[in-house]
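Make the full structure from the sequences, and use the hints.
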Amino acid sequence: MERETIHSERLGEQMIRLRHRSGLTMLLCPMKGYSTAYATFTANVGSVDTGFKTQDDVDFVDVPEGIAHFLEHKMFENEDGDAFLKYAKTGASANAYTSFDRTAYLFSCTDNFAESLEILLDFVRRPYFTKESVQKEQGIIGQEIRMYDDDPDWRVMFNLLGALYQNHPVRIDIAGTVESIAKIDHELLYRCYRTFYNLNNMVLSIAGNFDVDTVLEVADRVLKPDEKPIEITRRTFAEPEGVYKPRVEQKLAVAIPLFQLGFKGKNYGMPGNLQNQVLDEILIDVIAGEASPLYRRLYDAGLINATFATEATAGRDYMYTIFAGESHDPDKVAEEIKAEIRRMRKDGVDERLFELTRRATYGRYLGMYSRTESVAGLMTTSYFGGMDNIYVFLDIVANATIEQMNERLAVAFDPEKSALSIVYPQEG
Amino acid sequence: MENQFLREKIGDGVHFYQVTDPKFKHNRITVNLILPLCRESVTVNAVLPFLLRKGCKSCPDFTKLNQKLCELYGASLSCDVSKFGAYQVLELSIYGIDNRFTLGGETMAAECAGLLTDVLLAPNFGADGLFPETDVETERQQLMDTIEGQINDKRVYALSRCKALMCEGEPLAIEKYGYIDDAKKITPESATAAYEKAIETAQVEISFVGCGNPATAKKIFTDAFAKVRRSPARMEKYVTRPQADQPKETKEELDVAQSKLVLGFRTGAIRDQETFGAMRMMVALFGGTPNSRLFTYVREKLSLCYYCAARFDRLTGLMMVDSGVEKVNKQKAQDEILNQLGVMQRGEFTDDELTATKLLLQNALRSVTDSLGATEEWYLTQVMDGGSSSPADEIALIDTVTREAIIKAANQVTLDTVYFLTGKGDA
Numbered sequence: 001m002e003r004e005t006i007h008s009e010r011l012g013e014q015m016i017r018l019r020h021r022s023g024l025t026m027l028l029c030p031m032k033g034y035s036t037a038y039a040t041f042t043a044n045v046g047s048v049d050t051g052f053k054t055q056d057d058v059d060f061v062d063v064p065e066g067i068a069h070f071l072e073h074k075m076f077e078n079e080d081g082d083a084f085l086k087y088a089k090t091g092a093s094a095n096a097y098t099s100f101d102r103t104a105y106l107f108s109c110t111d112n113f114a115e116s117l118e119i120l121l122d123f124v125r126r127p128y129f130t131k132e133s134v135q136k137e138q139g140i141i142g143q144e145i146r147m148y149d150d151d152p153d154w155r156v157m158f159n160l161l162g163a164l165y166q167n168h169p170v171r172i173d174i175a176g177t178v179e180s181i182a183k184i185d186h187e188l189l190y191r192c193y194r195t196f197y198n199l200n201n202m203v204l205s206i207a208g209n210f211d212v213d214t215v216l217e218v219a220d221r222v223l224k225p226d227e228k229p230i231e232i233t234r235r236t237f238a239e240p241e242g243v244y245k246p247r248v249e250q251k252l253a254v255a256i257p258l259f260q261l262g263f264k265g266k267n268y269g270m271p272g273n274l275q276n277q278v279l280d281e282i283l284i285d286v287i288a289g290e291a292s293p294l295y296r297r298l299y300d301a302g303l304i305n306a307t308f309a310t311e312a313t314a315g316r317d318y319m320y321t322i323f324a325g326e327s328h329d330p331d332k333v334a335e336e337i338k339a340e341i342r343r344m345r346k347d348g349v350d351e352r353l354f355e356l357t358r359r360a361t362y363g364r365y366l367g368m369y370s371r372t373e374s375v376a377g378l379m380t381t382s383y384f385g386g387m388d389n390i391y392v393f394l395d396i397v398a399n400a401t402i403e404q405m406n407e408r409l410a411v412a413f414d415p416e417k418s419a420l421s422i423v424y425p426q427e428g
Numbered sequence: 429m430e431n432q433f434l435r436e437k438i439g440d441g442v443h444f445y446q447v448t449d450p451k452f453k454h455n456r457i458t459v460n461l462i463l464p465l466c467r468e469s470v471t472v473n474a475v476l477p478f479l480l481r482k483g484c485k486s487c488p489d490f491t492k493l494n495q496k497l498c499e500l501y502g503a504s505l506s507c508d509v510s511k512f513g514a515y516q517v518l519e520l521s522i523y524g525i526d527n528r529f530t531l532g533g534e535t536m537a538a539e540c541a542g543l544l545t546d547v548l549l550a551p552n553f554g555a556d557g558l559f560p561e562t563d564v565e566t567e568r569q570q571l572m573d574t575i576e577g578q579i580n581d582k583r584v585y586a587l588s589r590c591k592a593l594m595c596e597g598e599p600l601a602i603e604k605y606g607y608i609d610d611a612k613k614i615t616p617e618s619a620t621a622a623y624e625k626a627i628e629t630a631q632v633e634i635s636f637v638g639c640g641n642p643a644t645a646k647k648i649f650t651d652a653f654a655k656v657r658r659s660p661a662r663m664e665k666y667v668t669r670p671q672a673d674q675p676k677e678t679k680e681e682l683d684v685a686q687s688k689l690v691l692g693f694r695t696g697a698i699r700d701q702e703t704f705g706a707m708r709m710m711v712a713l714f715g716g717t718p719n720s721r722l723f724t725y726v727r728e729k730l731s732l733c734y735y736c737a738a739r740f741d742r743l744t745g746l747m748m749v750d751s752g753v754e755k756v757n758k759q760k761a762q763d764e765i766l767n768q769l770g771v772m773q774r775g776e777f778t779d780d781e782l783t784a785t786k787l788l789l790q791n792a793l794r795s796v797t798d799s800l801g802a803t804e805e806w807y808l809t810q811v812m813d814g815g816s817s818s819p820a821d822e823i824a825l826i827d828t829v830t831r832e833a834i835i836k837a838a839n840q841v842t843l844d845t846v847y848f849l850t851g852k853g854d855a
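Chain order of the listed sequences is A and B.
Be aware that the first sequence starts at 1, since it is given in the working numbering, and climbs by one per residue.
Be aware that the second sequence starts at 429, since it is given in the working numbering, and climbs by one per residue.
Among these hints, one or two may not hold up.
Said to hold, decoys possible - Calculated lysine-lysine pairs in the BS3-like style (CA-CA distance at most 25 Å, straight line):
1) B:Lys-679 / B:Lys-485
2) B:Lys-451 / A:Lys-32
3) A:Lys-251 / B:Lys-679
4) A:Lys-136 / B:Lys-755
5) B:Lys-755 / A:Lys-251
6) B:Lys-755 / A:Lys-89
7) A:Lys-136 / B:Lys-760
8) B:Lys-492 / A:Lys-338
9) A:Lys-266 / A:Lys-338
10) A:Lys-136 / B:Lys-758
11) B:Lys-485 / B:Lys-655
12) A:Lys-251 / B:Lys-852
13) B:Lys-760 / B:Lys-676
14) B:Lys-625 / B:Lys-647
These aren't lab readings, by the way, just hints derived from the structure by calculation.
Note that the structure is predicted; figures quoted are calculated from it, not measured.
If you want it as structure tokens, here you go:
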């Protein structure tokens, strides 16, 4: 078993990384004074994995949209009952989620940590799918999809991704569609499971109130080594650098138009994309954060309201940034943001504002190291992102330079590679 | 480590409470102005935190204020309006890293408390002694957007509609952000008058939650409020009807894909901690967890929905059950929800379910002290409810709840209102 302790001088804290003999990588960060332990067991698969094969498969399999999320739901059912019923005996609060490129099973608990961990490591390793149980889940997930159909924030975002990307599956909804999930059957689920849920390709992250020896003891008992490591080949998609469509609209039952203006960034793969995400978070705040002149202009003109927000997102092979909010004139907001970006690309990033923003981002990132769920999240993100450890994020912020900002501005904020998504109110 | 809750009076109707724990890296200081919910004043009151957030005497420019916050390592100054029972709470909050983590040894907690005091008590009034006209104009429009934007989240919207129908004519029905017609009428004069009245009459609860030393912050607030003329209104707990009469049913149409079903219940009089503990357990077992009756039957067994949950508001004694369903399945879902309530009332739940619910509730309670926000809200709710129980006290309380008490609690519950938000036409 390889074991390594990683220190942060900046924070005076540490975490442990080890590779269990089963092949599973574990990232462990015991935190003093906390009541809760937060554990996530994560597979490197998400909604973007729509075509793949292993070293043993002759051909790629193309799976229905939403299958990773469907699999997540179905994992909770084992031959001997529902995982929630097992957690019921420990009191842990359990859940799971699927994102673009990962599926995480998690619990948080204040007592009975060993028992809860055993449940987690066990149920995710024992798939049990039947025709009937798949059918039942189609009803439940169908309602989850319908709920999101009415969610204007969700719709405006996926409409944007559909406009930014032409072929890349980041453009499809994580849960798929009612039609696509109707094509899912238990055999496809098993194939998906066998491909992605190999211990060598998963990671266990735990932060908070727990003891490292307990984790090892439970892992030794529960985790049998996988028969052999699986090599996954994912279908790649030829994605042009430009956007698919510059503009997309939809009408929904909302009061004020919602908008998202997105910029398609250049893909550097991991860990480059992840590092750039942190830099873009700073830059996006320099451009339109509350301390920026642009924010002030838009706010005073009544063009944006308190819902205005920004984000930078990095994945395995995609990278984008978003300016989002409600506005009575979304086109005008988009024009103003793009004009400001053009001006900054010409004049360079304002040094004082950059320094202020870097300092603010530092304070915000610091907060992430004192919450168990965000520490666990950072550990998983850094691991799948090929980053050395969780403290690198803070270093990237602390060491960010104005040169990096100007470079990111040139590469990732090209107004020609942007798209605007709007959700308008229904008429009448 | 057990966090200690300390609350003391630092002025006329002004209280300061603190909960500290060295494990955190930040401090969160919040000022809550607590005002009775009232149809006439609710809207103009709702604009106040947002007007104050625009600047203060020491930092009148909005952008400069935000830059100052950046200098304070990205301290965030946030404001909002919330509703606790029959009260409207105007909150102004600052969240920043503690002195220990600054690069230049700044005294963060004092700086943050000072800034928050300025924002609250020294607004950027013009020469006429009023909020600036342009600020009022912008924030009036912002408030109108917020009021109208509540329709975006259909689940929250449906819940709020059901509550409003249920408590028609009572303060509990009043919307926390107020009403569009009243928002249109806000002027610098009316906003300034509302501000002055709020500062004079509100009950003020200031909280300090974090890892730092609250002493300086407390002194800053004590000194600042000593200069304010105060005649605070007494806070009384509002008691709504404990029982429903004949259930009312309302259907509303909107362009939605999924229909929202909300059932509003009254839960009898919650007289003491014992009946409260029993009701809390009852609601959790009925629909508060992934092992609950509603999750197991309405979602897992009947496959009717993605969510079906019950929640209990200790300040009003209302229990709301909601679910997102297909239009055609409305009656099926409603029947099963009421059927499961019958199961609770007849005590046909297992001891395993009871134990599981206790464990899960206690787990959630133990987690409260790991979050600054959750800790702050916990104690504010306590204060609003006239108590001072810690999460640990409530863990002990939950332990004592018996099966009989849960059955009794379930039998206190009466259906008041069925609200159905659904798509237009037959589809």
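Verification of the supplied hints:
With a C-alpha separation of about 50 Å, the suggested pair Lys-679 of chain B and Lys-485 of chain B falls outside the 25 Å cut-off, and the hint is violated. Restraint check: the Cα-Cα separation between Lys-451 of chain B and Lys-32 of chain A comes to about 7 Å, which is no more than 25 Å; the hinted pair holds. For the suggested pair Lys-251 of chain A and Lys-679 of chain B, the alpha carbons sit about 23 Å apart, so the restraint of at most 25 Å is met. At roughly 19 Å between alpha-carbon atoms, Lys-136 of chain A and Lys-755 of chain B fall within 25 Å of each other, so this suggested pair holds.
This hinted pair checks out: Lys-755 of chain B and Lys-251 of chain A have alpha carbons roughly 21 Å apart, not beyond 25 Å. Restraint check: the Cα-Cα separation between Lys-755 of chain B and Lys-89 of chain A comes to about 36 Å, which exceeds 25 Å; the hinted pair is violated. Distance check on the hinted pair: Lys-136 of chain A and Lys-760 of chain B sit about 16 Å apart at the alpha-carbon level, within 25 Å; holds. Between the alpha carbons of Lys-492 of chain B and Lys-338 of chain A the distance comes to roughly 24 Å, so the proposed pair stays at or under 25 Å and holds.
Restraint check for Lys-266 of chain A and Lys-338 of chain A: the C-alpha separation of about 18 Å stays at or below 25 Å, so the hint holds. With a C-alpha separation of about 18 Å, the suggested pairing of Lys-136 of chain A with Lys-758 of chain B holds against the 25 Å cut-off. The hinted pair formed by Lys-485 of chain B and Lys-655 of chain B meets the criterion: a straight-line CA distance of about 16 Å does not exceed 25 Å. The suggested pairing of Lys-251 of chain A with Lys-852 of chain B holds, with an alpha-carbon distance near 15 Å, which does not exceed 25 Å.
Proposed proximity of Lys-760 of chain B and Lys-676 of chain B is supported: the alpha carbons are some 18 Å apart, at most 25 Å. Restraint check for Lys-625 of chain B and Lys-647 of chain B: satisfied, since their Cα atoms lie roughly 24 Å apart, inside the 25 Å limit.
Checked against the numbered hints above, the structure violates hints 1 and 6; every other hint is satisfied.
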